[in-house]
Amino acid sequence: MIYQQLVNGLTLGAVYTLIALSFSLVMGILGILNLAIAELFMIGGYLGFTVVLAGLPLPLAIIAGMGGAAVVAGIIEKVGYQPFRDAPVVVPMLSTLGFSIILQNVATNTWGSDPLQLFDEPLGARFAVGPVSVSEMQLLVLGATIVLVALLGYIVQRTSLGRALRAVAENRDVARLLGVSASRLTLLAFMLSGALAGAAGVLIGLHYAAITPYIGVEIGLKAIAVMVIGGTTRIWGALAAGPLIGIAEVMTVAYGGSQVRDFVVYGLMIAVLLLRPQGILGGARTDRGQRV
Amino acid sequence: MSTYDAGLLADAGILLLGALSVYIILATGQLSLGNAGFMGIGAYITSYLTVIVGVPVTAALLLAGLASGIIGVVAGFPALRLRGIYLAMATLGFGEMVRSFFLNFDAVGGAGGFHGMTHISVGYIWAWAIGILLLVMVLERSRVWLEMRAVHDDETVAGLLGLNTTVTKVAAFGAGAAVAAISGGLFAHHHVYIEPGNFGFERSIDFVLAVILGGSTVAPGALVGAMLLVLLPEMLRFISDWRLAAFGTLLIVVLLVRRQGILDRSLFQWTKLRSRPT
Chain A
1 MIYQQLVNGL
11 TLGAVYTLIA
21 LSFSLVMGIL
31 GILNLAIAEL
41 FMIGGYLGFT
51 VVLAGLPLPL
61 AIIAGMGGAA
71 VVAGIIEKVG
81 YQPFRDAPVV
91 VPMLSTLGFS
101 IILQNVATNT
111 WGSDPLQLFD
121 EPLGARFAVG
131 PVSVSEMQLL
141 VLGATIVLVA
151 LLGYIVQRTS
161 LGRALRAVAE
171 NRDVARLLGV
181 SASRLTLLAF
191 MLSGALAGAA
201 GVLIGLHYAA
211 ITPYIGVEIG
221 LKAIAVMVIG
231 GTTRIWGALA
241 AGPLIGIAEV
251 MTVAYGGSQV
261 RDFVVYGLMI
271 AVLLLRPQGI
281 LGGARTDRGQ
291 RV
Chain B
1 MSTYDAGLLA
11 DAGILLLGAL
21 SVYIILATGQ
31 LSLGNAGFMG
41 IGAYITSYLT
51 VIVGVPVTAA
61 LLLAGLASGI
71 IGVVAGFPAL
81 RLRGIYLAMA
91 TLGFGEMVRS
101 FFLNFDAVGG
111 AGGFHGMTHI
121 SVGYIWAWAI
131 GILLLVMVLE
141 RSRVWLEMRA
151 VHDDETVAGL
161 LGLNTTVTKV
171 AAFGAGAAVA
181 AISGGLFAHH
191 HVYIEPGNFG
201 FERSIDFVLA
211 VILGGSTVAP
221 GALVGAMLLV
231 LLPEMLRFIS
241 DWRLAAFGTL
251 LIVVLLVRRQ
261 GILDRSLFQW
271 TKLRSRPT
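If you read the sequences in order, they're chains A and B.
Residue numbers for the first sequence follow the working numbering, beginning at 1 and rising by one.
Residue numbers for the second sequence follow the working numbering, beginning at 1 and rising by one.
Excised from the complex, chain A in its bound form (with noise of 0.2 Å):
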């Protein structure tokens, strides 16, 4: 029993990791919190769940969800990001909410605000490890999110781009006059977040064979208060927070009775910033924030 929970809250954790990864990338190199990523997620699931319900394959779906998210999130970035790049913190994070409305009514009226559900689960069949039972959905949600943890890892760490990223992250003005392109690789944090938050998106929307326009906004919160556990300024803090909270959520959720779950993970993500505000695995201090 335990075992199994465990599994499934790895499961979840891996979605929360992704999402969180998301903010992180917009939040770790620009100071930002994109509200809107909760929202780009949930577009991204329908767009991956458009093309399975269409009969094509679900490597596609995952492309499509991710694609379509990283375009919409580049938009974001030039309308709702750029040209409030110097106001206070709060403006960026408004015009990213006013498109959190925009596209929440879009899949409404695109999609109606029923749950859109898959019939025929795919990948429904399940293996026995032991005393765990592991469906193949849930091997692929694992999968795929390690494969693009990695890819991400690779970008950030070893490329070029993933450099001048981690310099406009330091100090935007410095890389500036060393002659990295800022607004260029805003565009490109944007995007590549979205990617992630799209990517998530297909991945639990197929996972629970299931959809509303209002996913969003459940599981954007949650993956803040992964986010903030990992630590805000290690992008790679949400590696560790994800998994700890997918089964910590599981396990109060088997054990201690579904509703006392979120007061767990927000007492929680409270009790990191006020106690160790720069994440449970450590790195700079975060709490000198800019004010808003």
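Which stretches of chain A does chain B cover? Using the computed rule of at least three CB atoms under 8 Å from a CB of chain B, they are: (1) 89–98; (2) 214–226.
Some, not all, of what chain B presents toward chain A, calculated at C-beta under 7 Å: (3) 31; (4) 78; (5) 84; (6) 90; (7) 93; (8) 97; (9) 103; (10) 104; (11) 212; (12) 241; (13) 244; (14) 251; (15) 252; (16) 256.
Keep in mind that the hints were calculated from the coordinates and are not lab data.
Every residue gets a Cβ at the ideal spot worked out from N, C-alpha and C, and that includes glycine.
With the hints as your guide, set chain B onto chain A.
This is chain B only, laid out in the frame that chain A set:
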């Protein structure tokens, strides 16, 4: 005035109080994304007092405001360690925790909600809303507000000048929490039914939106923002299904064209006795 219009007006009054609660905290440079939590605390305390204990509404509102103010001060102390977006995220977590708490707190109905309140009139709601708005506007002419603005502009300098920035910031949190609680109490007695879902993240965001759209440097900005937020979706009714998208677009356009909000301090210069060269 039809019942429907009266309902809209009541919502605007309640939103005005919620917006003012954010405005007071924002005046010290702190952004709260969790004021719906204080609103929920106020709504539940007020309803419990009027329905179970049998206290008159006005007294219950004052008590709820006081209790929530104390909670705000207690919650505000640890929050002093956090700034900017980190404080905003912590308050977001606080709001979600309060919602989750009431979802599990069966003494006031838990997930099933709480009812039995007596309905109050729109006039009563607006008496509170205008009263508190005027109170804030009077406060804005005082030394206390100057100190709050000093903390907002540069906390270090304010501290070096001998101002007690800790007291100022925590007091602003407490005052904001009290106003949000009154807004919640009025909400509960207007809708005569409350459930934890009424006090979620979207509500906190509505408060912030009203302040930012109306203008975050003058108190009447909250009034303009609250009216706009309630009436705009009604005015956009002709595009039916797309009115939320239109609202989102308008929000972005207002931010692009007039970042400081619709009202700002320069519009209020003529009320000053001495006119300063700009």
